[in-house]
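With the sequences and hints as input, model every part of the structure.
Protein chains in written order, with our numbering: chain U, 1 to 51; chain W, 1001 to 1738.
Hint data in this document are derived by calculation from the structure and do not stem from the laboratory. If a hint is listed, it holds; no wrong ones were tucked in.
Derived list of chain U stretches under chain W, where covered just means 3 residues or more per stretch with a C-beta under 8 Å from a C-beta of chain W:
{"hint": "1", "region": "2–16"}
{"hint": "2", "region": "19–26"}
Simulated restraints on C-beta separations:
{"hint": "3", "chain 1": "U", "residue 1": "Ala19", "chain 2": "W", "residue 2": "Asp1426", "range": "46 to 54 Å"}
{"hint": "4", "chain 1": "W", "residue 1": "Glu1588", "chain 2": "U", "residue 2": "Ser2", "range": "53 to 61 Å"}
{"hint": "5", "chain 1": "U", "residue 1": "Val15", "chain 2": "W", "residue 2": "Leu1074", "range": "41 to 49 Å"}
{"hint": "6", "chain 1": "U", "residue 1": "Ala19", "chain 2": "W", "residue 2": "Arg1683", "range": "40 to 48 Å"}
{"hint": "7", "chain 1": "U", "residue 1": "Ala4", "chain 2": "W", "residue 2": "Arg1135", "range": "19 to 27 Å"}
{"hint": "8", "chain 1": "W", "residue 1": "Asn1025", "chain 2": "U", "residue 2": "Ala9", "range": "17 to 25 Å"}
Predicted model, so just to flag it, every value in this text is computed and none were measured. Virtual Cβ for every residue (Gly too), placed ideally from N, Cα, C.
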Amino acid sequence: MSTASRIGAYGVVLVLVAAGAFALGSAVGPFDAPAPAGETHQVDAGHVESK
Amino acid sequence: MTTNLTRTAEIELAIGGMTCASCANRVERKLNKLDGVTATVNYATEKANVVYADGVDRATLIAQIEAAGYTAALPEVDESVEHDGLRERLVVSVLLAIPVVAMAMIPPLQFTYWQWVSLALATPVVTWGAWPFHRAAWMNVRHGAATMDTLVSMGTLAAFLWSLYALFLGSAGTPGMTHPFEFTVARSDGLGAIYLEVAAGVTAFILAGRYFESRAKRRAGAALRALLDLGAKDVAVLRDGAEVRVPIGQLAVGERFVVRPGEKVATDGVVAEGSSAVDLSMVTGESVPVEVAAGDKVVGGTVNVGGRLVVAATRVGAQTQLARMAKLVEQAQTGKAQVQRLADRVSAVFVPVVIALAVGTLAFWLGAGASSSMAFTAAVAVLIIACPCALGLATPTALLVGTGRGAQLGIMIKGPEVLESTRLVDTVVLDKTGTVTTGQMSLVDVRVADGEDVAEVLRLAGAVEDGSEHPIARAVVRGARSAVGELPPVTGFAAVEGIGVRGTVDGRVVVVGRTSLLEQGSPHLPSDLFFAKADAERRGHTAVTVGWDGRARAVLVVADTVKPTSAEAVVWLRSLGLTPVLLTGDNEAVARAVAAEVGITEVIAEVLPEQKVEVVTRLQSEGKVVAMVGDGVNDAAALATADLGLAMGTGTDVAIEASDLTLVRGDLRAAADAIRLSRRTLRTIKGNLFWAFAYNVAAVPLAAAGLLNPMLAGAAMACSSVFVVTNSLRLRGFRGLA
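Have a look at this one:
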């Protein structure tokens, strides 16, 4: 299998994965994203703004 | 390909830019695509051996390699280039990465603008420090392949570019931003978090791993240098009846040269005058020196242990047996099968899967109606977390600890990459002389005629032999001394070249040597001694006759003795599931006797040095994974050919250089330990790789869910690294059997 056809095949797989994931997301969504997961954390809970 | 009419040339090219065994395979394939070119590329030595037909020139070869994205040049060994500035990259990256990681993980260190200082420190690490990974990754992409470099480059660039985005376009650049020290999971758009510590930390860790690995790479050239050093440097040529000392290179075929006792035979030839004993062990592995006289062939590099010889040169330079052996070693090392690093094999599957996961994550969140920023954050987080920091440590730490423990046990592991590549060795080929046996002659039996006293025989024979330097005489003297103590003085000592010695002890004229010497005074060997001598010779031993006052008094049996630990070692090797095979240049009878003594059933005897390689290759072609244990120059090529080459530390430099492991004490039991240690090291490497990936893979679902934060990424990095290092350190507890 040549390099080009290998990369091409992988590209096809990626497109299929993307399409499948998109369809799955559409089916199970929408989520309240971004949304708080803890009690006190805000949207950007990964950090805290300065005082 | 080439025909008989096509002339071929051969060159060696130094290849640059190879980062793994698959690179070597790629270069090899590329070269072999050219008509009339046969190439083998060795990743370890970074050299390509190319045989090419007349129509091809060197520029074409170099261009072909460069087209594949690598560099090629005629080899000029420059040790500093070999590391590709790796040490500088490592030192600078580690110094810069430490504060970046510390600031990200320890909130009190997060002063105002710390994130910008982090960026300043991490930028050179990710760009310049990780450059070899990016370059290799790009080369891999061009060939549609993925290796560990791809994973590292992808992970560090994703973390770095995301951090740039968050700092410049998100809220992470706000003065006073901090990373809280908490591991709670919360979904965010990620624009407030930076992952510079992941980018810098991973780079520093992987560079450290690479550096240790590159230091461990074998120096293939050393075996050849040691081999060629064995040859004589100059030679006493007879020109116009006078001796002229000239450099060996000036010796021509047909010229006569002189070899004095103790000197090396300068080149292959035929004895023209004189008789002597020549130590051929280098070439044949035969432990007993061979008597040579006019008309006999001698081999260059062997040592004249007896009298003066005049030899007519029959082969010089590259045609000699020594040069041909050097060629064999070289071919074995260059042609050694390339084995991909385990980490690369895992990465080849892992990288495409991770990219697919990232793409899937992005598409999923977009499909679910999340903001593009959130979807993108989650997708990048997958790429960031997927690159295990400990990946770079998995192999080198296990190898470092394994080699360190080996050194303590007297096992010097010279080519540690072999441990990684060695699959389960199932056959162990043991060279006889010097490996299973001591390689030294010793007195093993004394048979005396009726009425003679053993002690008296040894006292007189030992005294006479004390005047000779012949290895058999030395064995008799050692045996006599240990049995009767001090030996009496000798008068009128005379050595009869190639036959034996004569001298007067306590007023008796004692002769020790071949029966023919004795028969000058006494034509008949008594029947009991005759049978004793025949019996010894049948078993492959050497028998010398002792006589005085015109009568044969005893037969002394001298042999290369089996090491006391060899039989135990064979039992251990068997218990490891290995099939021992005895390989020797000696005759079948000797080989069978030794094999029986140590418990080996499979024997391959009367094998010439060149054929030793063939034996190993044949076993390999039968699907066996072969370890070879040897000590002599004649074993060097076979050691290099075997999947795992083990040299006795008591053996020659050539064998040691050609092997992967050296058993320092020369005790065969250490071979069993070496194999156990290599298996254990390999197991540790596999365990390390599993856990290096496991911690990060466990965090991938969090990343895909958009729940990753810098503390979690850091925790995965720290946990997997600590685990890998601790797991490797367990190898220190390895206990040897010997």
